[in-house]
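4 protein chains.
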Amino acid sequence: MSSKIIRFACDYDEGACPEIMAALAATNFEQNPGYGEDPHCDRARALIKEAIGREDAYVQFLVGGTQANTTVIAAALRPFQGVLAASTGHINVHETGAIEATGHKVLALPDPEGKVRAATVDDYVKAHWADPSHEHTVQPRMVYISHPTEGGLLYSLRELEALREVCDKHGLYLYLDGARLGYGLVSPAADVTIRDIARLTDAFYIGGTKVGALFGEAVVLLHPDLQKDFRYMIKRQGGMLAKGRLLGIQFETLFTDGLYTRIARHAVDLAMVIRDALKAKGVPFLYESPTNQQFPILPDAVVEKLSDRYAFEGWGRVDDEHTATRICTSWATPKENVDALLRDLLPLL
Amino acid sequence: MSSKIIRFACDYDEGACPEIMAALAATNFEQNPGYGEDPHCDRARALIKEAIGREDAYVQFLVGGTQANTTVIAAALRPFQGVLAASTGHINVHETGAIEATGHKVLALPDPEGKVRAATVDDYVKAHWADPSHEHTVQPRMVYISHPTEGGLLYSLRELEALREVCDKHGLYLYLDGARLGYGLVSPAADVTIRDIARLTDAFYIGGTKVGALFGEAVVLLHPDLQKDFRYMIKRQGGMLAKGRLLGIQFETLFTDGLYTRIARHAVDLAMVIRDALKAKGVPFLYESPTNQQFPILPDAVVEKLSDRYAFEGWGRVDDEHTATRICTSWATPKENVDALLRDLLPLL
Amino acid sequence: MSSKIIRFACDYDEGACPEIMAALAATNFEQNPGYGEDPHCDRARALIKEAIGREDAYVQFLVGGTQANTTVIAAALRPFQGVLAASTGHINVHETGAIEATGHKVLALPDPEGKVRAATVDDYVKAHWADPSHEHTVQPRMVYISHPTEGGLLYSLRELEALREVCDKHGLYLYLDGARLGYGLVSPAADVTIRDIARLTDAFYIGGTKVGALFGEAVVLLHPDLQKDFRYMIKRQGGMLAKGRLLGIQFETLFTDGLYTRIARHAVDLAMVIRDALKAKGVPFLYESPTNQQFPILPDAVVEKLSDRYAFEGWGRVDDEHTATRICTSWATPKENVDALLRDLLPLL
Amino acid sequence: MSSKIIRFACDYDEGACPEIMAALAATNFEQNPGYGEDPHCDRARALIKEAIGREDAYVQFLVGGTQANTTVIAAALRPFQGVLAASTGHINVHETGAIEATGHKVLALPDPEGKVRAATVDDYVKAHWADPSHEHTVQPRMVYISHPTEGGLLYSLRELEALREVCDKHGLYLYLDGARLGYGLVSPAADVTIRDIARLTDAFYIGGTKVGALFGEAVVLLHPDLQKDFRYMIKRQGGMLAKGRLLGIQFETLFTDGLYTRIARHAVDLAMVIRDALKAKGVPFLYESPTNQQFPILPDAVVEKLSDRYAFEGWGRVDDEHTATRICTSWATPKENVDALLRDLLPLL
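Chains as they are written, first to last, in my numbering: chain U, 1034 to 1382; chain W, 1034 to 1382; chain Y, 1034 to 1382; chain C, 1034 to 1382.
Same shape as in the complex, but just chain U (with noise of 0.2 Å):
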């Protein structure tokens, strides 16, 4: 790894925010009791609890979001059933099989944009009970939306609203995949808050991996049905942390004194700088994205040029000249990077 490369490619690249390298050396010698039964899950519950305006809400925290995913969608469904989600969504593309690897069918929604759409998710639902042979297909059980998209889009309180209604029409939970959640809250463009995604969810997940932990994801089960017996679960699917401590001591620090929030709102911040900066120029996206991956097309010889000073990730060639690229920011890039970056690549288009 040269050390001369700026990455920009994910916005996993670093460690912890130094918060919680603190947090992790102050409790290093503390003994606490393992899986997730200590004094600082605890508490991380309890801030997140507040945080979200739900006592009733239960709370567990996993290693990473493929096991989140997995872990609340096997709970969730019978064997039979399946999880209705955008063809672009995590689950069915990126996650080599994992939610297969519990039973079950990932149930492609065609979506231009990778968002599910109410709309979509009734036309479908209503197929299947009215066809006669619906015993000799995956019956739909659960929605599942990303939020932000994997394109970095949001749901509009509408649309979250919409869903709900769609899934309680027809017997569906809604579950949301919120691996980079706190970008989506803090973005400019965002009228969705944690408390309407805990009022309007079945279930879902708050990302800290992608935003400031060193991994960890915190699971919200809201609809009680989830909740029963969801440590079994857990354990089953491999993703029982023996010190759990670790888990506990990152959210306890990121859902203290606005943490999350924070650091999210300054990855967003840079992401909007790049986008504005690159808009002016008359760079089209492959996304209108309002959170802090941003996708603009780019010429061929300009990625080319680039390449030896920054890393993004390539997302697809649009054109024979053209490749539509992922920039992403995250809360531990630097300023300077992002002006680095700039001056380097805005004389170029």
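Hint data in this document are derived by calculation from the structure and do not stem from the laboratory.
Take the hints with a grain of salt, since some may be wrong.
Said to hold, decoys possible - In silico lysine-lysine, DSS-like type, Cα no more than 27 Å apart, as pairs:
{"no.": "1", "chain 1": "W", "residue 1": "Lys1037", "chain 2": "W", "residue 2": "Lys1368"}
{"no.": "2", "chain 1": "Y", "residue 1": "Lys1159", "chain 2": "U", "residue 2": "Lys1261"}
{"no.": "3", "chain 1": "Y", "residue 1": "Lys1261", "chain 2": "U", "residue 2": "Lys1261"}
{"no.": "4", "chain 1": "W", "residue 1": "Lys1202", "chain 2": "C", "residue 2": "Lys1261"}
{"no.": "5", "chain 1": "Y", "residue 1": "Lys1368", "chain 2": "Y", "residue 2": "Lys1312"}
{"no.": "6", "chain 1": "C", "residue 1": "Lys1261", "chain 2": "C", "residue 2": "Lys1314"}
{"no.": "7", "chain 1": "Y", "residue 1": "Lys1368", "chain 2": "Y", "residue 2": "Lys1314"}
{"no.": "8", "chain 1": "W", "residue 1": "Lys1261", "chain 2": "C", "residue 2": "Lys1159"}
{"no.": "9", "chain 1": "U", "residue 1": "Lys1312", "chain 2": "U", "residue 2": "Lys1368"}
{"no.": "10", "chain 1": "U", "residue 1": "Lys1261", "chain 2": "Y", "residue 2": "Lys1202"}
{"no.": "11", "chain 1": "Y", "residue 1": "Lys1261", "chain 2": "U", "residue 2": "Lys1202"}
{"no.": "12", "chain 1": "C", "residue 1": "Lys1338", "chain 2": "C", "residue 2": "Lys1368"}
{"no.": "13", "chain 1": "W", "residue 1": "Lys1159", "chain 2": "C", "residue 2": "Lys1261"}
{"no.": "14", "chain 1": "C", "residue 1": "Lys1037", "chain 2": "C", "residue 2": "Lys1368"}
{"no.": "15", "chain 1": "C", "residue 1": "Lys1338", "chain 2": "C", "residue 2": "Lys1312"}
{"no.": "16", "chain 1": "C", "residue 1": "Lys1261", "chain 2": "W", "residue 2": "Lys1261"}
{"no.": "17", "chain 1": "U", "residue 1": "Lys1314", "chain 2": "U", "residue 2": "Lys1338"}
{"no.": "18", "chain 1": "Y", "residue 1": "Lys1082", "chain 2": "Y", "residue 2": "Lys1261"}
{"no.": "19", "chain 1": "Y", "residue 1": "Lys1314", "chain 2": "Y", "residue 2": "Lys1338"}
{"no.": "20", "chain 1": "C", "residue 1": "Lys1202", "chain 2": "W", "residue 2": "Lys1261"}
{"no.": "21", "chain 1": "Y", "residue 1": "Lys1261", "chain 2": "U", "residue 2": "Lys1159"}
{"no.": "22", "chain 1": "Y", "residue 1": "Lys1261", "chain 2": "Y", "residue 2": "Lys1202"}
{"no.": "23", "chain 1": "Y", "residue 1": "Lys1338", "chain 2": "Y", "residue 2": "Lys1312"}
{"no.": "24", "chain 1": "U", "residue 1": "Lys1338", "chain 2": "U", "residue 2": "Lys1368"}
{"no.": "25", "chain 1": "U", "residue 1": "Lys1312", "chain 2": "U", "residue 2": "Lys1261"}
{"no.": "26", "chain 1": "W", "residue 1": "Lys1368", "chain 2": "W", "residue 2": "Lys1338"}
Claimed, not checked - What follows is a list of derived Cβ distance ranges for each label pair:
{"no.": "27", "chain 1": "Y", "residue 1": "Glu1198", "chain 2": "W", "residue 2": "Ala1313", "range": "42 to 52 Å"}
{"no.": "28", "chain 1": "U", "residue 1": "Asp1201", "chain 2": "C", "residue 2": "Glu1354", "range": "25 to 35 Å"}
{"no.": "29", "chain 1": "C", "residue 1": "Leu1381", "chain 2": "U", "residue 2": "Ser1166", "range": "22 to 32 Å"}
{"no.": "30", "chain 1": "W", "residue 1": "Pro1317", "chain 2": "Y", "residue 2": "Pro1380", "range": "51 to 61 Å"}
{"no.": "31", "chain 1": "C", "residue 1": "His1161", "chain 2": "W", "residue 2": "Gly1204", "range": "27 to 37 Å"}
{"no.": "32", "chain 1": "Y", "residue 1": "Glu1070", "chain 2": "C", "residue 2": "Ala1334", "range": "19 to 29 Å"}
{"no.": "33", "chain 1": "W", "residue 1": "Lys1202", "chain 2": "Y", "residue 2": "Pro1257", "range": "22 to 32 Å"}
{"no.": "34", "chain 1": "U", "residue 1": "Asp1201", "chain 2": "Y", "residue 2": "Pro1257", "range": "19 to 29 Å"}
{"no.": "35", "chain 1": "Y", "residue 1": "Glu1198", "chain 2": "W", "residue 2": "Lys1261", "range": "44 to 54 Å"}
{"no.": "36", "chain 1": "W", "residue 1": "Asp1156", "chain 2": "U", "residue 2": "Asp1075", "range": "47 to 57 Å"}
{"no.": "37", "chain 1": "U", "residue 1": "Pro1332", "chain 2": "C", "residue 2": "Glu1146", "range": "32 to 42 Å"}
{"no.": "38", "chain 1": "W", "residue 1": "Gly1204", "chain 2": "Y", "residue 2": "Thr1226", "range": "49 to 59 Å"}
{"no.": "39", "chain 1": "C", "residue 1": "Ala1334", "chain 2": "U", "residue 2": "Asp1333", "range": "52 to 62 Å"}
{"no.": "40", "chain 1": "C", "residue 1": "Thr1289", "chain 2": "W", "residue 2": "Arg1150", "range": "48 to 58 Å"}
Remember, it's a predicted structure, so these values are computed and weren't measured experimentally.
Idealized CB from N, CA, C, for every residue including glycine.
Starting from the known structure of chain U, fit chains W, Y and C onto it as the hints suggest.
Structure of chains W, Y and C alone, referenced to chain U:
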């Protein structure tokens, strides 16, 4: 958690050894690619290969032991194949069916001591193939052992060689769960080195969680068939850590300057102090463990009296007035804690 | 297959009883909708509900016993739950891990006779919930018994009631595998009726394959939670027979005019003839079976001498000179075959 | 079921062709060992190997198509591998997630006609391996096709050869679902023989259920890796029929004196009569099927008028006034039924 309780309940009550905490702090702002493809993981791999004397080994890092067991076993077996294990083996008892979750039966072998005997394996596999209905029973394909065992016991070199031999004879993989490997390697009773293990098994893992790390197990795959596409399995099983560097940094540290051995020896030395002191008082033990876990059988009244100052784990009642307890030391146990325990305990015996 | 060999090796050596063959021939050109939604299945369901005295039962037909067991068990359990069974139970031994293939552990209870005892269940489940680490072990949720057992034994009404009681106490489902149910119901030793079974279990199946049908098992679901969406499970498990009528016609025939009982009685009567004749000669038996399977322990020399004219199944060696054999009669066994066997066998004893 | 309704709804509305019923009756009292190890199965295997020209084929008989697909696919794939199929393929739509139940993702390829194109496969697999994150996505390892397809279409020899080529290029298995194979082989449009299929695929099955048998599919495994231990897989998947002879007898009969071909031709001839008559009236078709399933697009009013005398299956609405219907003929369809249908239908068009 009262600060007055001294915990001997398990060997993962604290965080990580200071060298690891320092390394994590020092590297916190490095930018590294994710998923175990960073220079720290590479360096840790090189150090492990050197330590085990197998340049052809394939090393990957996972967060926990259940993950390691599940991923290795499910990667190795075809769907109708099972894994032989002692009936007390971790995979048969304490993983909430995580192996069965991947579709495989654990074929439990009775053994009063919790060790798998080569002769028992031989009998089992011969009986399987001699049965004209063998297609109606799970096909044995792997032997799972832990070293030290759940009860803190060690395989001798002779026993391990016999297992290798019976595995070769019947076309079985030999897999060793090394959750507490460090404590086994440094035991005064040990005649098996890590190089023996790397020579005699098809796969094993080097436990970090219980031996000084915050978390992490180094899975070492020796048989080429197990190496192929193993990273797909990790991702599919939900075990691909985004910031894989955290695992690399920890194992890099543990395998530098003999740290892994040194901290393990500290724990075992203290365990021997406890063992010898209790033996001198005539206390019987459930297992004759030469490692960091001790299983003295204590009068209930004694256990009760200590319970406001020390935490042990109950390991099953022996009769109406006695309980087998587990007393663990670890890399983190201060000598003063052992002194205090003996000072309070011995007079009660 | 030499025509000179008379087979007593199992109770499914022949096709189906003539009444079934006639019914299949008579209905062959009827046009019926598929998948068990035809008038024959409906009529068979009505006849079974009447026979068991439970109008609220839900009845579905499957092709074989492993399918029935797998589908019922996987429909009933959440992913981290397991099924208690005798260690010799069919699901634990002779289904090539089909239960584990659905992700569930069979929790084997030791029992020398192959019967599950209420007290053993009680102890197991109490120990589970008393264990502070219970979330690290598979949660018991169902009791599986077979009636008759693998060894031909029967549960008494008192034993069955005790199992019901312990299941109620601990919130367990009670499931009865009736692969050879007919032979159990008509045994001179039986004090359990099919109505008792329908009253005391949550689910059971009425075996057809081994009791006169070409194939087929009638799964009877009594607990409402097991009934819901069961047909999805059948399809998902690969057990939805296209021409479901074939199952309906067979059970319609078996449950008309007492055919099921009549043919079972024929088999058991002949088995008792064999049993009594061997007992009169002082032959010991592996199990004291009052049903159609007999397990006499015979000298190897005798088995060897008969082997060119009779096929039995070996059921395990008892000592260097004796083998436990299984001799099965069935609905199809002609009295002459039994006469011939005894004529040839008795003089050798 | 009113006797006045003539069903064209599917090709498994009746029992079996008379030759099979006669063979089952004639062998009913034979004593045979179970599980497909009887002389009838052996003879059926020999006849099939001769018919397909592959002495090295391994043939096993299963009861149904979902079972066949699930067992072959799960036997072939490692846990993280998936199977490419048309999005309309049976395994992707109509098996209630039976493939996912074995832990594998169906990788759906869009294709308006329901056929898998070699070029689409090539693109997909090249893109997979070119993706630097390929370990985060399911690894493609098998191509599933059905012949005829769900829509009654056939692969040409050229198309099949191209698929073989692309599979060889990328190390994929090629598997052909022949649920309606007979109807495909005898179609006037067919240029693919069963020997071509046995030469070009790694595995396929010969459908019996829909082509004259009571039930049954002959799975033909050509690639040696798929043959090994396949019977374990059958048992594990719940597909091991106790009286395996029933499958043997049926395929023995179907492959004697060209019965399989003869009855398939009867069905296709009648389907062509229907097709030609409707085409002469200008009726459009959803698929240009040259096999026993026809998909005419009919005015709703016409469908409604016929519904008290004929049963079709709806195959999706085309516009506000038209529905695509499926009209199936089979080995069992009397010419008079077709005459009656056309007599009643044509005047309405």
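Consistency of the hints with the structure:
| no. | hint | verdict |
| --- | --- | --- |
| 1 | W:Lys1037 - W:Lys1368 | holds (16 Å) |
| 2 | Y:Lys1159 - U:Lys1261 | holds (19 Å) |
| 3 | Y:Lys1261 - U:Lys1261 | holds (20 Å) |
| 4 | W:Lys1202 - C:Lys1261 | holds (19 Å) |
| 5 | Y:Lys1368 - Y:Lys1312 | holds (19 Å) |
| 6 | C:Lys1261 - C:Lys1314 | violated (54 Å) |
| 7 | Y:Lys1368 - Y:Lys1314 | holds (20 Å) |
| 8 | W:Lys1261 - C:Lys1159 | holds (19 Å) |
| 9 | U:Lys1312 - U:Lys1368 | holds (19 Å) |
| 10 | U:Lys1261 - Y:Lys1202 | holds (19 Å) |
| 11 | Y:Lys1261 - U:Lys1202 | holds (19 Å) |
| 12 | C:Lys1338 - C:Lys1368 | holds (22 Å) |
| 13 | W:Lys1159 - C:Lys1261 | holds (19 Å) |
| 14 | C:Lys1037 - C:Lys1368 | holds (16 Å) |
| 15 | C:Lys1338 - C:Lys1312 | holds (20 Å) |
| 16 | C:Lys1261 - W:Lys1261 | holds (20 Å) |
| 17 | U:Lys1314 - U:Lys1338 | holds (18 Å) |
| 18 | Y:Lys1082 - Y:Lys1261 | holds (18 Å) |
| 19 | Y:Lys1314 - Y:Lys1338 | holds (18 Å) |
| 20 | C:Lys1202 - W:Lys1261 | holds (19 Å) |
| 21 | Y:Lys1261 - U:Lys1159 | holds (19 Å) |
| 22 | Y:Lys1261 - Y:Lys1202 | holds (23 Å) |
| 23 | Y:Lys1338 - Y:Lys1312 | holds (20 Å) |
| 24 | U:Lys1338 - U:Lys1368 | holds (22 Å) |
| 25 | U:Lys1312 - U:Lys1261 | violated (49 Å) |
| 26 | W:Lys1368 - W:Lys1338 | holds (22 Å) |
| 27 | Y:Glu1198 - W:Ala1313: 42 to 52 Å | holds (51 Å) |
| 28 | U:Asp1201 - C:Glu1354: 25 to 35 Å | holds (34 Å) |
| 29 | C:Leu1381 - U:Ser1166: 22 to 32 Å | holds (27 Å) |
| 30 | W:Pro1317 - Y:Pro1380: 51 to 61 Å | holds (59 Å) |
| 31 | C:His1161 - W:Gly1204: 27 to 37 Å | holds (32 Å) |
| 32 | Y:Glu1070 - C:Ala1334: 19 to 29 Å | holds (28 Å) |
| 33 | W:Lys1202 - Y:Pro1257: 22 to 32 Å | violated (53 Å) |
| 34 | U:Asp1201 - Y:Pro1257: 19 to 29 Å | holds (23 Å) |
| 35 | Y:Glu1198 - W:Lys1261: 44 to 54 Å | holds (53 Å) |
| 36 | W:Asp1156 - U:Asp1075: 47 to 57 Å | holds (50 Å) |
| 37 | U:Pro1332 - C:Glu1146: 32 to 42 Å | holds (38 Å) |
| 38 | W:Gly1204 - Y:Thr1226: 49 to 59 Å | holds (50 Å) |
| 39 | C:Ala1334 - U:Asp1333: 52 to 62 Å | holds (58 Å) |
| 40 | C:Thr1289 - W:Arg1150: 48 to 58 Å | holds (54 Å) |
In this structure, the hints that do not hold are numbers 6, 25, 33, in rising order.
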